[in-house]
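*Asks:* These are the residues of each chain, in order.
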Amino acid sequence: MSGPLWDEMAELALNRARAAGVEYADIRLLDTTTHTINGEDRRIASIRDTSDRGFGIRVLHRGAWGFAASSILSFEEVPRVADLAVEIAKGSASLAIDKVHLAPEPVHRDRIVTACRLDPFAVPLEEQTSLLLNTMDLIQRHAGVVRSHASLWAQRDHKLFVSTEGSHLEFSLLAMQGDCSATAVHDGRFASRSFNTPHLRIGYELIREADFTREGARIAAQAVEKVRAPAVEAGRYDLVLDPEHLSLTMHESCGHPSELDRALGYEANYAGTSFLTPDKRGVYRYGSSHVNLVADNTEPDTLAATGYDDDGVSCQQWDIVREGIFVGYCTNREVAPRINEERSRGSNRADSWGSVPMVRIANIGLEPGPSTVDELLADVKRGIYIEGHGSYSIDQQRYNFQFGGDAFWLVENGRRTRMLRDVIYHGITPEFWGRCDGVADRTHRRRYGFITCGKGQPGQAGWMTHAASHARFRRVDVITGQVKG
Amino acid sequence: MTSAITTTWPRLTSRQEFDFLTDLVMEHSAGDHTFLSLRDVHGGTTRFANNQIIQNVHQRRGTLAITVAFGRRHGTATTSDFTAGAVRDTLTQAEAIARVSPEDPEYLPPVETQSYLLLPTFRPETSAAGPARRLDYAREAIGQCKMENLNAAGTVASSVAVAALAADTGLSAYEERTEGRFSLTVQAGEATGWSAAAHRSIDHLHVQERTLAAINKAKRGADDPQELPPGRYTVILEPAAVAGLLSWMIWMLDAKSFYKGTSPFSGKLGMRILDRRLSLLNQPDHADLLGHGFTSEGLPVIGSNWIEAGVLTQLLHDRYTAQDHHIDPLTTLESPCLSGERPLGTRVDDLVRTTQRGILVTNFWYIRPVNPSDLTLTGMTRDGTFLIENGEIVSAVRNFRFHESPLRVFNHVDAYTTPAEAVTSETGKALVPALRLHDFNFSSVTHF
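Chains as they are written, first to last, in this note's numbering: chain B, 1 to 485; chain H, 1001 to 1448.
So that you can see chain B by itself, here it is in the shape it has in the complex (with noise of 0.2 Å):
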């Protein structure tokens, strides 16, 4: 069900908003289909198709919400949802203290649609078990290697947004992504290796494009090697990070504390707050000045970059770091006029329709510098090379990170030598940033998509892609990751 039918439910709920006198309403209607493919040790474990239906009713009631949502898409249910959500919002009146000002504006009416060669929703899935089939076998016939992993996994999202200023926003939007992994055994312990495609806004064209015979091969060799290379000296190390790796690293200290509903405190019962607090922004030195953090949720083909966001402002560029300064927040229209924004910049989000919109981590990237990679390497004495994500834990202020990796390479005077295992380095926000001394060019520029950024209670998924060239980082404490005694 859409379209005409969307429209006249719409106009249903925020008619009926209206004449209960609140300030402002809006509605999102969603159809949701997912397609995942999960193989586990040479066989395909699960094929699931999900469709998932329903809408929500947003409401500003006396400076304050209410939200009511149901998966029952009928003319019964939708005037019922909506006075709820109205009841709701005067429940949250009789305790607010600062009203809810909405930032203004524009209206806009427009369709989004993500471009796509490739359906994937209209590829043959004996298409996708092979190739996910012959991945795993590929993987499982190396010396050493005990168990594999492939997936692949698809949404789309038919999306109306309708508000009572007039906003009319339909979407229609794609993402893709798949991965493999292969774990090998050694002497008692195990490690993984994995490759993974980034999530996208793209069709079955990224899968196709991915060599996942050539990944296959070179993650299972690369297990081998990991598990039986020997763990890390504690110590000192330059650190290069490639973009995977650095996509993690940026979300976990860089994104998470530039939400300005985490610095005002919204989240203080559960992710926590930020230590980029409203005062120290235009003034506080988060990095060197090799370090500029850019927010572009216009950029195409990218997770965060879908038009408009669910406050339905449209979507934008901004700086959070500028040559190592922290100069901008991600908001919504509700906490941007809280430090004197006139505008939203566009980052209000929710994870389906039974969920309220909050303020999300934008598409953060780190802007490229001048170096190759091979440059940034070359003046590293004895450093360590760092693939992919691993083990991740930040505090709740995001200032003390702890970070591991997939795959570790020793860097000795300018060459990558042998591979590494249990490497885990730790630090200080800032102080972590201030040692970066070096970023690659465009050219080294890659991208990696977040579908699971973990905030809010009930607890909501957030989706936004990360970019990042390689960076080198001076004298970084590094221990081993595992505990003696």
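Any given hint could be a false lead.
Chain B regions said to be covered by chain H (calculated; three or more residues, Cβ under 8 Å) [claimed, not checked]:
# : region
1 : 57-67
2 : 84-90
3 : 156-169
4 : 275-283
5 : 306-314
6 : 432-439
7 : 478-484
Read the hints as simulated data drawn from the structure, not as lab findings.
In this text, a Cβ means the ideal position worked out from N, Cα and C, and glycines have one as well.
We have chain B already, so just place chain H on it with the hints.
*Replies:* Below, chain H alone, put in the same frame as chain B:
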């Protein structure tokens, strides 16, 4: 004071309605086997921060999953639309997937008719609670904090749900489940205090008592915290912190990984892995835990021993792995109770009083595995970390990062209390003691 909100939601999918959907699917299914799984959840969360409501939501979500198998080829399709046409379309989609999916050597037909424990999973007071009751609890917590000139952030949640299963094998299961949750972070400057509760009955959240506990923690931490150097310390882990570490042990008990050599427990079944005084049980019928009668596949949830006197006696066996090893499958440990012989007392204070020097940890945050081979974990202390000297809390300390394996440090047990309720943001609910452990590794410290 009770608020004026009286709106109620449509009733849950009834047993008769589920039977109707089952008959509809079975009548039209061409599969050798057909399995239905329904979830229908009505619930909401009232969330507050800075002493006011910031989010107030209520949702009704139904989901029906249909799995069809032709021989060992299987496929699953799900829908949130329970109308007859949508359900038939979903069945058709599941059949279409199953027809072209490769044979799965580990596929097993749905389980047959089972007998389940009849558990009090449904509490009418929780089912009846809606936005008004949640608002009242939020008002209570905020009001207490405002009186102390402190800042409250937290949530009150309530839900009622149906879980139902059916299969052509005769499997039929239907259970109504309610749940109430409360969590609160009290901020006193940079210091925070925290408390949380979860129960089938919303009447058992003890909001006033837990709010006072969080206030006391925050006030105690409000003085300038000391910065202590990283290193190995004697620690007292409150039940929430113990549950955080224990959860990762439970999540790693997967038998398939064990047999493949990719588990931290490989080679340790039947061996002592914890202090010999500690035992771990699954207690689905415990009134204060959130047990339910059947698993997602329709197997009965039963009381079971997992660690006895420190010895690992059981693994999480999926049905295929269990059959492969000729044992009965045990697929869940959702109502864990960790307990020890001859506890020192019933309260954390009983451990504090008998500690010469140590660190009291209220909770851990962002626990993640560092090394799955030996289950080394990392995470931060949160919401109340204190120095104990000569049996008394003498000051707050800045939060530490730990780098430690429960398989190592749960062998360094000095003393413990009786089990108490433990609820954290990243785990379910467990009954665990507070533990005093020596030689616990803090690897770094943060700025607050």
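*Asks:* For the region 156-169 of chain B, does the count of residues with a C-beta closer than 8 Å to a C-beta of chain H reach 3?
*Replies:* Answer violated; 0 residues pass the 8 Å Cβ test.
*Asks:* Are there three or more residues in the region 478-484 of chain B whose C-beta lies within less than 8 Å of some C-beta in chain H?
*Replies:* Held - the region 478-484 of chain B has 4 residues with a Cβ nearer than 8 Å to chain H, which meets the minimum of three.
*Asks:* Within the region 432-439 of chain B, is the number of residues with a Cβ closer than 8 Å to a Cβ of chain H three or more?
*Replies:* Since three or more residues must qualify, the claim that chain H covers the region 432-439 of chain B is violated, with 0 doing so at under 8 Å.
*Asks:* For the region 84-90 of chain B, do at least 3 residues have a Cβ located nearer than 8 Å to some Cβ of chain H?
*Replies:* Holds: 5 residues of the region 84-90 of chain B have a Cβ under 8 Å from chain H.
*Asks:* State whether the coverage of the region 275-283 of chain B by chain H holds or is violated, taking the criterion as 3 or more residues with Cβ-Cβ distances under 8 Å.
*Replies:* With 1 residues closer than 8 Å to chain H, the region 275-283 of chain B misses the three-residue bar; violated.
*Asks:* For the region 306-314 of chain B, do three or more residues have a beta carbon lying closer than 8 Å to a beta carbon of chain H?
*Replies:* Answer violated; 0 residues pass the 8 Å Cβ test.
*Asks:* If you count the residues of the region 57-67 of chain B with a beta-carbon closer than 8 Å to a beta-carbon of chain H, do you get 3 or more?
*Replies:* holds (count 4)
Taken one by one, the earlier hints fail for this structure at numbers 3, 4, 5 and 6, listed in ascending order.
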